[in-house]
Amino acid sequence: MDIDDDTTVFATLKSFKNFISLPDASLNQGEPAPAQSNPLQRQYRQRIELLEAAEKVQSKTQQIHEDQEKRQMAMSHKRARIELEKVASLRLSVRISKRLEEREVESSKSLSEQVEANRALRRTQETLNLRIMERDAKLNASYQTVSILKDEIRELKQQIQSKQNIIANQTLATQGLQEQMELQQRKYQEVSQRCQDLQSASSTCSDHELKIKDLERKLALQEQDVVIVKNIKSEVAKVPEMEKALRQLREENIYLRETRENVTLLKEETEGLRRKVERMEKLKEEMVTMELEKEKISQKLQAWENLGQSTGLDIQKPEDLSREVIKIQQREIALKQQNYTLTSGCRSVERSKADLQGELLVQRSKALEEQKKRETQESLVRRLQKRVLLLTKERDGMRSILESYDSELSTNDYTPQLTRRLREAEDVLSKTQNHNAEMEVRGDTVCRSAVDKDRIEELEAERQRLEEQNNVLELRLERHDLEGDYDPVKTKVLHLGQNPTSMAKKQRLEEVEALREEVQCLREHLRSLQTGGAVPAAVGDLGVTVNLPPSQEILDLRKQIESAELKNQRLKEVFQKKIQEFRTVCYVLTGYQIDITTQNQYRLTSLYAEHMDDSLLFKSTGPGSHGNMQLMETDFSRTLGEMVDLHLHHQKSIPAFLSAVTLDLFSRQTTM
Amino acid sequence: MTSTLKGITLKGSAELVAEFFSFGINSILYQRGIYPPETFSRVTQYDMSLQLTTDTKLKNYLANVVSQLKEWLFDCTVQKLVLVITCLETNEVLERWQFDIACDKTAKESSAPRDKSIKSIQEEIRSVIRQITASVTFLPLLETACSFDLLVYTDKDLEVPDKWEESGPQIIDQSEVVRLRSFTTSIHKVNSMVAYKRSDF
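Chains B and A supply the protein sequences, listed in that same order. Counting from 1, one number per residue, gives the positions in the first sequence under full-length UniProt numbering. Counting from 1, one number per residue, gives the positions in the second sequence under full-length UniProt numbering.
These aren't lab readings, by the way, just hints derived from the structure by calculation. Only true hints are included.
Only pairs whose alpha carbons sit at most 27 Å apart, straight line, appear in this in silico DSS-like list of lysine-lysine:
#1 B:505 x A:163
#2 B:492 x A:70
#3 A:116 x A:189
Every value quoted in this text rests on a predicted model; they were computed, and no experiment measured them.
Isolated chain B (complex conformation):
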């Protein structure tokens, strides 16, 4: 059965494979079936593989079966043999009764052997049975797997059927769609045909429109032509008058031509006459000038003729005059030559004069030098005279010393020294006398009077002092001169007005000014930015534009600030509204208006209070939380002493107290 089922399964599998392979092509065209068939195909393949594995397993089981059969057969064979042997032994037992005894042992042996063989066979049989059991188990397992596979195959079949159904549906759908497509194609064709018709109609319309436009144009042209024709008609009406006028004009024309010819002739005559008149006038003028010239020339001639008489020379012809002129010219030339010679002589004289002047200067300078020399020599002479005087005085002194020595001393030891000294002094004296004589020979003899020695020393000292002062002052003057000092009496200092230093100073000042103004502008700008105002206008007149646009960040931040402030305001308003609402609701519902007087103190005013000031004060105790309240003493609370005792001290409930108070007040209000 299984095998048959397997074979049938194989057959269906193969046919299914074939079936699957066929619609692949058709399904790929339209619907999204390929997506579904691929997994199906995979599943089928998997199932097929499983089936193949099952086939293998089945074949193996078959082999096991066959082996089992073989063994059974072997077993049966063996059993048959055993039986045969047993029979043979039985047959032989009769024959071999005799042999039994001989062969009892053998038979027993053989029996034992057979028993052993039987045992072995039984063992083998047991083993074979075990194996068979195992194989049976395996077979069962394989049967199970086969059943599972069969189930799976059934499931697959179901799936396949379902898929087939789906495919069938889809094919139907495709068919329907194809039909729709065909319908739509037909519609499209119809529509295209209509379109073409419409296009042809529109083209014909456009053609008609063009024709209409042409006709309209032609109409316009014809209207213009009509207008032109009217104008021409009107003009044509004027033609006969024009012809008359034309005839008149022609006659006039002929007449005018004739007159023109006459006029040209007359003009020519007048021109000729005019020229003649001009010529005659010119001739007249020439004649007048000629007469004047004639008179002048006659006068000149007379003058020339009288020349001879006026100059007193023998002049009767122009040749004489020319002769005289030549003579005069020659005389002139001669005089000029004389003049040149005289001037050259003058110049040479002047040159010699200049030379002489130069020589004179030289001589004068020489004379000055000589004078100076003489003066120096005079001064030398004076000095020498002074020296002479000094020396004579020295000599006198020496002489007096000597005389004193002579008078004082009387020893002979000193006499040679004294005599030597005397001799030396005398030599000196003679020398000085000779020198003096020479000096006297050389120079003039001007002897200054004797001057006091002391005065000379004083003067010398003063002179030295003055010389030192002079040196110092000269040094100072030189130093000042080096530094650039000058005598304002003799010199002045000039410089160009437009010099680089003044220009540089001006530039510096201008720069500084410009920088100062820039700094001011920037400071103002900074101030304005700090106050948060708009950007100040550019300071254009200075050429300094301070146009710093507020940075994007600042603008964003400002916007944020504004939005935050708006939010704050809105929240405040909302909060106020809400709290107001809440308070009114509390008042209305509980009958008490609760006000916060100071931190942690709450004042309750009842709706039914008799006086405005009647209020209860509560203070919250406890850190942080406002749960624990204590009643404070007020005028109103003193009047409610009983309720306070009852509700607060005994019952320890504030709401009860409050409600009791409300009820009490309400009762009082309604009754009163």
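Chain A: place on chain B using the hints.
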């Protein structure tokens, strides 16, 4: 032209001296860094390479002053030429280059040219300019921005020309003076010296 083979006339001497002043002032401006070195270009004069300014304003100014100076040298009415360097920030005079001019007035009267070769004059001028360049070694650095001015010491009775005006001598107080070389064209004698502000240590 001063290249007369016969000798130096008054006019030629005036031209030589004016030329020396023009190149000397340019050298001083370059050495002391009054104007940036890139505004100067190299030229050859007196057989040495000197720096001449290319700044047009400065050139015009110098040309004006030197041309007027030439006239005054010809008239022998100028006594000194001073280049004053002022610090722009403190308006103090920092340096003073003074050129004393001694003119032989007899050359005005006689028109005979003097016998002195141009070469020797140029030698002397060269040594003066070399000294000016070498003065950099002892002159203190001009660290601040400076500007210069040219003063001319003339005779008191001279007629002040257009655009020129009187000014003070602009003397440095507490200055050190260094005498430099002098040169003479046999008609004009020019002594050079430089005075600088004593730097406090």
